[in-house]
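Chemist: Chains as they are written, first to last, in our numbering: chain A, 5 to 260; chain B, 5 to 260.
Just so you know, these hints were derived from the structure itself, not from any lab.
No incorrect hints appear here.
Put simply, identical chains are the same to the list, so a pair is met inside one copy or across any two.
Computed list of lysine to aspartate or glutamate pairs in EDC-like fashion (alpha-carbon distance at most 16 Å, straight line):
(1) K211 / E196
(2) K143 / E220
(3) K74 / E250
(4) K113 / E97
(5) K74 / E196
(6) K74 / E246
(7) K74 / E184
(8) K74 / D198
Protein chains: 2
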Amino acid sequence: MTYRIFHLGIEIENTLGEQVSEFAERIFDLYTEMENSVRDLTGEISGALTIGASTTIAEYMLPALLGEFKNQYPDINLRLKVSNSEGIVSMVEHNVIDLGIVEAPVTNKNLIVEVCHDDHLVVVTAPNHELARRGTRVKPAELIQYPFVCREEGSGTREVITQYLIDQNVNPAEMNYCMELGSPEALKGAVETDMGISILSRSTIVKELKLNTLAELQLDPSLSRPFSFVRQRQKFRVRIMEELLEFAHAYCQRQK
Amino acid sequence: MTYRIFHLGIEIENTLGEQVSEFAERIFDLYTEMENSVRDLTGEISGALTIGASTTIAEYMLPALLGEFKNQYPDINLRLKVSNSEGIVSMVEHNVIDLGIVEAPVTNKNLIVEVCHDDHLVVVTAPNHELARRGTRVKPAELIQYPFVCREEGSGTREVITQYLIDQNVNPAEMNYCMELGSPEALKGAVETDMGISILSRSTIVKELKLNTLAELQLDPSLSRPFSFVRQRQKFRVRIMEELLEFAHAYCQRQK
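Based on the provided sequences and hints, a complete structural model is requested.
Modeler: Set out below in structure tokens:
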């Protein structure tokens, strides 16, 4: 709301402010609606879209999807903000981004949440690590024997791992967390230098597997998590956003 | 200040609060000093350190450095927060992290800034891009002919590129920015799918050059930037932090 008011260059407080703010909101919505209906008539798809995604999705899955989308609609301006799942959901809530894509379950009832495809998680080690040489599936209880490099609190990956351990009767407090790193890329670097092992989305280690700087092992039972699209319920849906959602859903279907 | 008060579980406001807060600060500093002098006597190096680094440094340079450091001092707990340069400087200011390492120049006079080694930036394209096939050095004025994928405002890399263009008499507004992406990893993905070209730290594309999914071209004149260590002037320096700084400086020297 404040965001839209700032467009007018006005700063207003209290009840009067709220009323003006409400009208301004309606005026801008109408303006957007008008723009969209003009575009519908002319068939033009343009404008700006700000997407936010949690790191794993933003760095390893979105570039290809956005590339295809941009090829189809060259006139749109795309912006991608990267944060952890918690940060992205907060950006959707505060209207900083039009669409969020996150790895963690989202429970906020004011937001529309749509589940996309499943992401597969694996144990990652240095190639010469004891587990990699052994080469069988890894039981969750075995994880506590090794120094473990983990993501920070608020990371979707971290939450999924903690829940998995609890579900498998392993106490997360028994894990030998040796380092906490704020991005999957930094985490991979730490595992490559054999500081510890970790659990990561398989999509993030494709290059390292090719270069043989990391090894992967399956978990037993296996672990996967859904990706979710998150957006505001009340938000006026611009045409370009509809197109992106449809495009993304089709993309997800193809990945299955 | 607030951070230390929270250790006591007390929330205090106004003048009285300020005084208590000052005393609490001094008590905690003395406590830390005591701990350190005990450690000095016993020769033990342990404790927790929270480091923050801008993405390029955190993801491509720090893991190796932190790995060596952790090998030498296995009892310390390391945490690494990742943000852009602007975000990291703000974390140092607000005492969220003990030490920041950033790519952009820092001008805040309340912070101690020490320059480390120089990072080399190159033009990055898809392997089959016109520029890659031509293979000569790239003049800054040539950049405006191609769609350009860039980092967000507040990114150190973006600031350095903008300043370079201005210094070379190229108007940054003439650049054909086609997409704005919030991390170097996402940006590489976009260049790999040939959405545009970009300028990146050479240290971030080592794996892609090996896999031949990206090509690099030198700029003419060349472009580099210093990395800076940033920390609070007033902060009591714990022993483990002294060790890390010394270690990092030695590491930087070796990279030269």
